[in-house]
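Novice: The primary structure of each chain is shown beneath.
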Amino acid sequence: MHPVRRQRLYVVLFIALFSSAAIGLVIYAMRGNINLFYPPAEVVAGKAPVDQSIRVGGMVVKGSVQRATDSLQVNFQLTDFQASVPVVYTGILPDLFAEGQGAVASGRLNGDGVLEATEILAKHDENYMPPEVADALENSGYDQKGKPQ
Amino acid sequence: MIPEIGHFALIIALCLALILALVPAWGAWRGNSVAMALAPSLAIGLLVFVGISFICLTTAFLQDDFSVKLVASHSNSLLPSIYKFAAVWGNHEGSLLLWALILALWTAAVALFSSQLPLLVLSRVLSVMGGISVGFLSFSLITSNPFARLLPAAPADGSDLNPLLQDPGLIIHPPLLYMGYVGFSVAFAFAIAALLGGRLDASWARWSRPWTNIAWAFLSLGIMLGSWWAYYELGWGGWWFWDPVENASFMPWLAGTALIHSLAATEKRGLFKSWTVLLAIFTFSLSLLGTFLVRSGVLTSVHAFATDPARGMFILVFLAIVVGGSLTLYAFRAPAVSSRVSFGWVSRESLLLCNNVVFLVATLTVLFGTLFPLIVDALGLGKVSVGPPYFNAVFVPLMALLVPLMGLGPVSRWKRDAVERWRGELAIPAVVAVLCGITLPLLHAPYNIWVALAVLLSSWLVLGLARDLWQRLRSASSAGQGLARLTPGYCGMLIAHLGFAACVVGIVATSQYSVEHDLKMSPGDSRVLAGYEFRFVEVVQVRGPNFVADEARFEVTRDGVPVASMGPQKRRYLASGSVMTEAAIDAGLFRDLYVAMGEPVGSSGAWAMRLHFKPLVRWMWLGAILMALGAFTAALDKRYRRQREVIHSSGEAVLRGA
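Taken in sequence, the protein lines are chains E and A. Just so we're aligned: the first sequence equals residues 30 to 178 in my numbering. Just so we're aligned: the second sequence equals residues 74 to 731 in my numbering.
Since the hints were made in silico from the structure, they are not lab data. Because the structure is a prediction, the values reported are computed rather than measured. We put the CB at the ideal spot given by N, CA and C, even for glycine. Take these hints with a grain of salt, some might be off.
Said to hold, decoys possible - If the Cβ cut is set under 7 Å, some of the chain A residues that face chain E in the computed set are:
| hint | residue |
| --- | --- |
| 1 | Leu-454 |
| 2 | Ser-458 |
| 3 | Pro-462 |
| 4 | Ser-587 |
| 5 | Val-588 |
| 6 | Asp-591 |
Unchecked claim - EDC-like cross-link-like pairs, simulated, lysine to aspartate or glutamate; straight-line CA separation at most 20 Å:
| hint | chain 1 | residue 1 | chain 2 | residue 2 |
| --- | --- | --- | --- | --- |
| 7 | A | Lys-593 | E | Glu-71 |
| 8 | A | Lys-488 | A | Asp-274 |
| 9 | A | Lys-593 | A | Asp-541 |
| 10 | A | Lys-593 | A | Glu-606 |
| 11 | A | Lys-488 | A | Glu-498 |
| 12 | A | Lys-593 | A | Glu-624 |
| 13 | A | Lys-711 | A | Asp-274 |
| 14 | A | Lys-488 | A | Asp-541 |
| 15 | A | Lys-456 | E | Asp-99 |
| 16 | A | Lys-456 | E | Glu-71 |
| 17 | A | Lys-456 | E | Glu-128 |
| 18 | A | Lys-593 | A | Asp-623 |
| 19 | A | Lys-341 | A | Asp-316 |
| 20 | A | Lys-456 | E | Asp-124 |
| 21 | E | Lys-76 | E | Glu-145 |
| 22 | E | Lys-76 | E | Asp-124 |
| 23 | A | Lys-456 | E | Glu-167 |
| 24 | E | Lys-76 | E | Glu-128 |
| 25 | A | Lys-341 | A | Asp-541 |
| 26 | E | Lys-76 | E | Asp-164 |
| 27 | A | Lys-593 | E | Glu-148 |
| 28 | A | Lys-488 | A | Asp-591 |
| 29 | A | Lys-142 | A | Asp-274 |
| 30 | A | Lys-341 | A | Asp-274 |
| 31 | E | Lys-76 | A | Asp-274 |
| 32 | A | Lys-456 | A | Asp-316 |
| 33 | A | Lys-593 | E | Asp-99 |
| 34 | E | Lys-91 | A | Glu-672 |
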């Protein structure tokens, strides 16, 4: 074989080996680190797995936000107007988190059907709605402001 | 009137861009030198008209012309002037106009500073850039006209700029980021011109290199500012979230890093030619993909703002044309530009090859993680998100693999080197690096193995650079003369690699050593964090130009010695009524203290507070600044500017022959 061609073969082999190692790493990292999104109706219907990292999004039910007086614990409910999921979160909520607004909570569902959230994502400007929440609301026949369509 | 002038200027700019895209390219094809010679003046005309349009929009913002829809929805008469100016690009339409302006700026810069280029190449390059301008200007005019009016019902006042964007970091972050994003269009245009001409040699790489370096430097600064802004403005002390929009700017950076290194091999040794061209196409395509991700709102992101699906469609089609077209051209012409040069396994070429493989794989894994939710959604398998753990798990090992090779890079030789020589050169640096890795983390208890590893790797990198520098200086008659003999290209490499080392140490140390507490505090309470005592004195009401705020007063002491007074705020903006956290940061080279307010807890005047201690967090941003500085320095190298006559004549001859 021509030396240049042989060298090219080795380079390709090296890249192939390295890429397969990287793909292995990607698959390994993917296993535990992707979170499925569930609308509240599916969570209440028992379709969401318990004690696995998931995300639930919807509107924060008006009047449902309760803050503990002695810690940073917050309880509230997320709804898609078909069903509501209780959420508990300890920590500081984002500025744009508010009752009657869209939010996405990620965390684990416990045995009592309460989502123990580790992160709350609220919208970042007045008109923005996380696409999943918009879809979930639309599926239950409501628009982004929470009004029936 | 002024907005109409702006609109009209934008339409003229689109016409000029169309002519620029077609006429010089036709001239290059038919050998018509009159048509080719039009390219530079058209490029400058394009800049003038996009510039007029941009100035008109800025004027509308500064004069509070609320009959313009964009101004009405993104500005307010109470907004300080500097933020009225920044509000021009604090929204979709305006940021697109800024993008078009910066593209016109780069096009005109190529036209002005490339007198050493053969006319044939220059006209092709400018035509390609004109084509990209056509895409963005028509996008702006068709789907997101910044000059749309609200007549006759103009509101009395505007609904204010999103408070998150009312910040000095946001005044310069988008322009810098776009300078980087758009700057890669120059490398892309050079690559396409080379494919069209079928000629790709050392002088091609020499023309592309400074442009690529400068674009990369701007992108580094833009990303660094974005990270810094997120750190102090979003109020939760994080500096990188692996958010789709961050990834959108990070992917072109990674691919651009690979491009810079493969261009070095192409220029010095005529290697990896077709690969370099492919990388240039890939890098710019990632810039466009980033624009698509940010502007279409298809992904859930902390950065996402309200969007319109028609816009996403437009960019997607544009992206498909650019990527599809350039890859088709590549498939036809790449064999014409491929190289037949061999190199030894132990050589600088091999190391650069490894660099390219690592950076490309890193880009692809980030790309995969970013697009995975879209793919799953498109297949109807549900809605998933890929979290930071995925990115950390794949990205950190890749970078850890890279640094040992980076230590070898500077001392290695082109063509053929010997392991024995490397061993001789680097035995002492290796021993010292191991010592540093073992001893330096002792300064901070408890001992942390990851920090030790980071210190080991980065001191290996720094000492490898130092060894090579010492070798160069030793051969000179005096140190001063030795320094004077160093080329800007070499100094740039030195500075940028040092910056990378600082970044590695900063990221690992701040990730491992940070102490973060979210807690409830009442006035009078104090809390000790990493040896610093934070005393919450009181909450006072303060008033800003367009907001009112609760400000918490903190006194921080260490062993009884006052360190800082900090005043984090919870602001309520008057026009929009939105609430915003303004964190207080006491910055230092070795540690940051960070206090942010949550919300009131209970009725006794207590607040949720976020207290952070972040060691070495500044090193990460300083490192990024050094990297950018290095790339700028390297772009100053004299060899990019000389030999214009020689290249001109011989270039023409070769082109005619091809």
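Novice: Which earlier hints can't be squared with this structure?
Specialist: Hint check: 1, 4, 5, 7, 9, 15, 17, 19, 20, 22, 24, 28, 29, 31 fail, others pass.
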